[in-house]
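When you read off a place in the sequence shown, starting at 1, and then add 540, the result is the number in my numbering.
Heads up, some of the hints might be wrong.
Listed next, with one range per pair, are the computed distances between beta-carbon atoms [claimed, not checked]:
(1) Glu-1040 / Ala-795: 49 to 55 Å
(2) Glu-1040 / Arg-891: 33 to 39 Å
(3) Ala-920 / Glu-548: 52 to 58 Å
(4) Thr-636 / Lys-547: 17 to 23 Å
(5) Lys-1026 / Glu-1132: 40 to 46 Å
(6) Asp-1134 / Tyr-1093: 26 to 32 Å
(7) Trp-837 / Thr-779: 47 to 53 Å
(8) Gln-888 / Asn-814: 20 to 26 Å
(9) Trp-837 / Met-1174: 44 to 50 Å
Restricting the straight-line Cα-Cα distance to at most 20 Å, the calculated cross-link-like pairs of lysine to aspartate or glutamate (DMTMM-like) are [to be verified]:
(10) Lys-547 / Glu-698
(11) Lys-679 / Glu-615
(12) Lys-1127 / Asp-1140
(13) Lys-1001 / Glu-1045
(14) Lys-724 / Asp-700
(15) Lys-1169 / Glu-1132
(16) Lys-830 / Glu-909
(17) Lys-1044 / Glu-1056
(18) Lys-1024 / Glu-932
(19) Lys-1035 / Asp-1122
(20) Lys-1000 / Glu-1045
(21) Lys-571 / Asp-732
Note that these hints are calculated values from the structure, not bench results.
Glycine included, every Cβ here is placed at the ideal spot set by N, Cα and C.
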Amino acid sequence: MTVDTHKETLEFKAEVSQVLDLVIRSLYSNKEIFLRELVSNASDASEKLRFEALTDDGLFEDDPNLRIRVTVDPEAGTLTVSDNGIGMARQEVVDTIGSIASSGTRRFLENLSGDRAKDSQLIGQFGVGFYSAFIVADKVTLITRRAGLGAEHGVRWESDGGGNFSVETLTKTGRGTDVILHLKEDEKEFLDGWRLRSIIGKFSDHIALPVEMRKEPLGDEDKEKADEAPEWEQVNRGTALWMRNKAEISAEEYADFYKHVSHDFDEPLAHVHNRVEGTNEYTTLLFIPKRAPWDLWDREQRHGVKLYVRRVFIMDEVDKLLPHYLRFVKGVVDADDLPLNVSRELLQHNRKIDTIRQANTKRILGLLETMAKDEPEKYAEFWREFGRVIKEGPAEDFANRERVAGLMRFSTTHGEGEEQTESLDAYIERMKEGQDKIYYITADTPAAARYSPHLEVFRKKGIEVLLLSDRVDEWLVSHLSEYKGKHLQSVAKGKLDLGELADKEEQEKTEQAAAEHGQLLERLKKALGDRVNEVRASTRLVDSPACLVVGDYDMSANLARVLKAVGQSAPESRPTLEVNLDHLLVKRLESESDEERFGDLASILFDQAMLAEGGQVEDPAAFVGRLNKLMLTMLMAGR
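My request is simple: use the sequences and hints to build the entire structure.
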């Protein structure tokens, strides 16, 4: 293989420059985390080597003992974090460090707000921990060689954190990576061995690899011996935290481990830690984050937990260990009886994986149920961040559909504002005597749902209605038809049927009025033509003149708009126009003898009903023209 030995200076991609500036600016208040991030990266590199060596043990190069070493050189003012992990080839260095290799980079940067606290959380979620080295260093040198390549394929990368970096090829005998930090003048505290030991003990005690430092000499004689043949000592516990007894693990240790596996700078909201023995033997340690990751809705991004087999790291972000609607969960699963060469393809059809997946799902749902019951404020925090994802559950997880539905929270007409949410159980407890349905309405926005004319009769009778305005809500109600024996019914579909809650006298009055004003209904149907399927008297309107209703089995108008907004086709269906025969506008319309003006007024009535439910009129210019004509007529008549 020809070795590219030339030295070249390259510019950082614009995204990297922005992230570098952000890291240095946002994280200065917690400088210690740079060491945690570099040790964590070294651990990941070693885990990757161990996994690749399962099929090619020659990658160990007669050096099978994986470890991480932290050294200082007080005279040079440098701190070095070294590993003998997988290492990188020249092009990998350019691709990995010179640019942020992610399809979601642009979306990540768009999420940056300028708020240092919030932006620092995003940095952690995005996993750009390497750049944290520039918090304490004014220059960073990286020397690396990929396992399996010859010594002549070593690579040196160097940058001062400005706009460019240099890359050159050199000779490196050992595989792995050395990250050398040239510390700033005011950051020399990180040359102190005891200071570094305390940081490693605080942040990296759980890493299942030994983190070593040179043994501190006790005197001049020991110092001379140490210079000639350094003696290394392990400064972290070096055992997999998930394998330890839960009673021996502190909340702080759990939080530090979460930060290690998630690259989040915040503490987790909750966790669950279990050891299962029997037919399947495995350990799980799963965390629920406080905040949704910025790429939660990125379909190209993998989400999931880390899979280990007998403490050997197998693969990252395994999405088969939890259903997709729980993709925000972080953590590890360590199985005792899976093959070490398990692949993503094998995971697709593995009964043991299915069993683990089902158990993990029940544990997370149980954790959330306990939180909702015992810590409602914390659960409200969780719902604000992940509620829309949980709403995918009934469609994806039929076996747990009702259990997932019980975790959901909705705005309702019972609440005072959008922030107040209610569970379906709370809704059922407040149901009126004789009510046998859970009523809901879907709309583009919370305001469109709350002030929809379809709710007028429900407000009049004090019947609570769920207000659904998330895009995922249409998907939800199409897969959640009932809850605890109560049918979910849209208030904007079909003829209104309130069952035992209906006022028979009002129904008879409406039917009688429809018969008496049948000619008006026919004129409206004729004037509107193919725009409507039917025109009928309404039993759901109190204050508004008209509203649009679709058939019981037709796609809702809101779902049709959602599909069109994402470039998908929606089946064409004509709505029914319901009119309030007691409204003054409708009465005035009935007395209109000029058919042309009647047609204009009928169109205005239809378009207003369309706008009231958040839709768009087919011909805005014609709508405005009719309104202008009507206003001119009124002004002339008033003179």
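- prompt: Going back to the hint list, which numbers does this structure go against?
  reply: 2, 6 and 7
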